[in-house]
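Visitor: So the chains spell out like this:
Number of protein chains: 2
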Amino acid sequence: MKSFKFELLKECSQTGARLGKIHTPHGLIDTPVFMPVGTQATVKAVSPRDLKEIGASIILANTYHLYLRPGFDIVREAGGLHGFMGWNSPILTDSGGFQVFSLGSLRKVTDDGVVFKSHLDGSEHFISPEKAVEIQNALGADIIMPFDECVPYPCEYSQAASAADRTTQWAYRCRKAHNRHDQALFGIVQGGVFKDLRLKSAAELIDMDFSGYSIGGLSVGEPKEIMYEVLDYTVPLLPREKPRYLMGVGSAEAILEAVCRGVDMFDCVLPTREARHGTVMTTKGKLVLRNATYSRDYNPIDPECDCYACRNFTRAYIRHLIKANEILAAVLTSIHNLKFLIDLMNNVRKAIQEDRMLEYKRNFVASIKT
Amino acid sequence: MKSFKFELLKECSQTGARLGKIHTPHGLIDTPVFMPVGTQATVKAVSPRDLKEIGASIILANTYHLYLRPGFDIVREAGGLHGFMGWNSPILTDSGGFQVFSLGSLRKVTDDGVVFKSHLDGSEHFISPEKAVEIQNALGADIIMPFDECVPYPCEYSQAASAADRTTQWAYRCRKAHNRHDQALFGIVQGGVFKDLRLKSAAELIDMDFSGYSIGGLSVGEPKEIMYEVLDYTVPLLPREKPRYLMGVGSAEAILEAVCRGVDMFDCVLPTREARHGTVMTTKGKLVLRNATYSRDYNPIDPECDCYACRNFTRAYIRHLIKANEILAAVLTSIHNLKFLIDLMNNVRKAIQEDRMLEYKRNFVASIKT
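In the order they appear, the protein sequences are chains A and B. Using our numbering, the letters of the first sequence map in sequence onto residues 1 to 370. Using our numbering, the letters of the second sequence map in sequence onto residues 1 to 370.
So that you can see chain A by itself, here it is in the shape it has in the complex (with noise of 0.2 Å):
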């Protein structure tokens, strides 16, 4: 059986960034990467041959909303993820905690587990850590992630503290109930906007050896100053020799900060979901497709950009589908705003290379802002 590993390659001269390659059962990833999410076991809009096209090397899906439906038996039955949704590149899926927290209504949080509400017909249901790993040792995913407590953003030291605790203590038990050895099981490191509780959550997680470390409770609302301060004092604390991972950040310019902190893994609805609203991505900054700016505008969404929207259709067609409502806007943007990203990583990995990181994220950014 393949397993999971991490190779470390090559560490920037200039930044904390690192080049890395993650082997997984269902093939190679290269770091720093960016993985489309596919709540729903789908990357809404695109299909997995057009993922592949643009160079999608693994994508995310999400236990929540899996376990609420169609059920994890069923997909276990159709050979977990990836024989269901036809995808078979790696996989990764959260844990659902933050779905728990964010879209169930809350019953009730004890140290044995949350007791919610499904947000899609009321019912209760119950998950614990062990559950949660069941779940995702039926969805089959190449990493999982264990049960974790997500605090919003600002939060008590007190709520934070006790989260953090929570965390480490259902983190040992996802470690216990695991038992498919083809999974990577991360850990998450929480603990809010404290550094103290930070560096206890990560030294905890750290001495229970996971396969990868994930930052959790980031990009919840606070100031991107405050999430890159965090960063700078919690990625130091992981293992150099594992995969790292940011959950939920996708904005270019927070990708580049945390690249160069050390971040190997990215993952973000934003750009699907600005896709579907009509708003691209672009080298120059992003446009906003709906207006009427672009009613007469027979350029691709970007000249630098060869995915196949960009190759094959203009701004204007792209405003007259939005406007329309057609099912092809969201196609064509999906794929153009992934594309744009997986492209960044793409280069990213060439400036590390290169030992010019530092010169391509003061070059992007600048270039985003003119």
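Treat each hint with caution, since some may be false.
[As the list claims (entries may be wrong)] Pairs of lysine-lysine, DSSO-like flavour, derived with a Cα cap of 30 Å:
{"#": "1", "chain 1": "A", "residue 1": "K323", "chain 2": "B", "residue 2": "K108"}
{"#": "2", "chain 1": "A", "residue 1": "K323", "chain 2": "B", "residue 2": "K52"}
{"#": "3", "chain 1": "B", "residue 1": "K195", "chain 2": "B", "residue 2": "K286"}
{"#": "4", "chain 1": "A", "residue 1": "K52", "chain 2": "B", "residue 2": "K369"}
{"#": "5", "chain 1": "B", "residue 1": "K52", "chain 2": "A", "residue 2": "K52"}
{"#": "6", "chain 1": "A", "residue 1": "K323", "chain 2": "B", "residue 2": "K117"}
{"#": "7", "chain 1": "A", "residue 1": "K117", "chain 2": "B", "residue 2": "K52"}
{"#": "8", "chain 1": "A", "residue 1": "K224", "chain 2": "A", "residue 2": "K200"}
{"#": "9", "chain 1": "B", "residue 1": "K323", "chain 2": "A", "residue 2": "K323"}
{"#": "10", "chain 1": "B", "residue 1": "K323", "chain 2": "A", "residue 2": "K131"}
{"#": "11", "chain 1": "B", "residue 1": "K369", "chain 2": "A", "residue 2": "K108"}
{"#": "12", "chain 1": "B", "residue 1": "K242", "chain 2": "B", "residue 2": "K224"}
No lab work stands behind these hints: they were computed from the structure.
Based on these hints, arrange chain B on the given structure of chain A.
Guide: This is chain B only, laid out in the frame that chain A set:
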């Protein structure tokens, strides 16, 4: 300049079915053919490259919709519909007549033309035969239609008679106004379900020597037997050496019946509309994939189909996508339904070639009824 030409390759020995080839400035069309409908310059949920892959040789777009949005000047500036929508194969546009009468809030019909209110914003517009041709000249399709007056079913004889007369007068004016010789203009036979009106309409239009003949005013709610009866006496009136197009018919059974009566071209929104509602066509009949019976059905939509959806995904997965309101559901079911009809036409052409069309039709109908 490549121009329009119809080659009649073979006539069936068992039925009135014909095998043909239409030459257009944007390529060849083997007939009998089914034309996917791209109302707003996009076949809903299907990209041009997916259309190519499933073998679509010509698509249809709607003059009425494109006139209202984005406006025909924008399409013209983009290089016509082919450039605008990134489809470099043949395109047919209807004249907008049917939509003005069915979608617009009608203000006044005179011999001059029609004053109507837009279904989008209530704005008032006037379309005359000359205007319909001007718009279609700007859209630049390979095959265009004259502005016609459509009557509903049922309809009084006098109303059908006056609409057919007006359609003939308008056809004459459209022929005169038409000035792009790279675009083939068809005539549209009207006359409701009245034999003498159909005879008169056909005779008058044939006198004007159009490049092809459409049969309009059918598939508007009349029983199928009545439609077949109208075809029985109308199709034989049409010139043997010109293509014949039955407008708005897209059920497999009706297509087979019409092919056997000598019709060469078909279009219908049905396959893509049903797809978006989760109903798929198979060689064994239709499946309503939304139904719970498919929740654990790990077969493809149709084991005999080799479309992208059937090669890669199960009924259980597509049902999940439908229930979860995922865009990929519409993409996959639309690809499949169109491929089903395009495969049907491939089989029809093979059957005509091999002089077994009657048998093919009988077997097909028996199969979907089991």
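Visitor: None of the hints should be skipped; say for each whether it holds.
Guide: Going down the list of hints, with the structure as the test:
As the CA atoms of K323/A and K108/B are separated by approximately 29 Å, the hinted pair is consistent with the 30 Å bound. Pair hint K323/A plus K52/B holds up; C-alpha atoms about 25 Å apart against a cutoff of 30 Å. Our distance criterion of 30 Å between C-alpha atoms is broken by K195/B and K286/B, whose separation comes to about 34 Å. For a cut-off of 30 Å, the pair hint linking K52/A to K369/B is broken: about 40 Å separates their Cα positions.
For the hint linking K52/B to K52/A, the alpha-carbon distance of about 19 Å falls within 30 Å, and the restraint holds. For the suggested pair K323/A and K117/B, the alpha carbons sit about 19 Å apart, so the restraint of at most 30 Å is met. A C-alpha spacing of about 46 Å is found between K117/A and K52/B, which places the hinted pair above 30 Å, so the restraint is violated. At most 30 Å may separate the alpha-carbon atoms for a hinted pair to count; K224/A and K200/A meet this at roughly 23 Å.
Pair hint K323/B plus K323/A holds up; C-alpha atoms about 26 Å apart against a cutoff of 30 Å. Using a Cα cut-off of 30 Å, the hinted pair K323/B and K131/A holds, with the two alpha carbons roughly 24 Å apart. A hinted pair counts as satisfied when its Cα atoms are at most 30 Å apart, and K369/B with K108/A does not qualify at roughly 54 Å. Distance check on the hinted pair: K242/B and K224/B sit about 25 Å apart at the alpha-carbon level, within 30 Å; holds.
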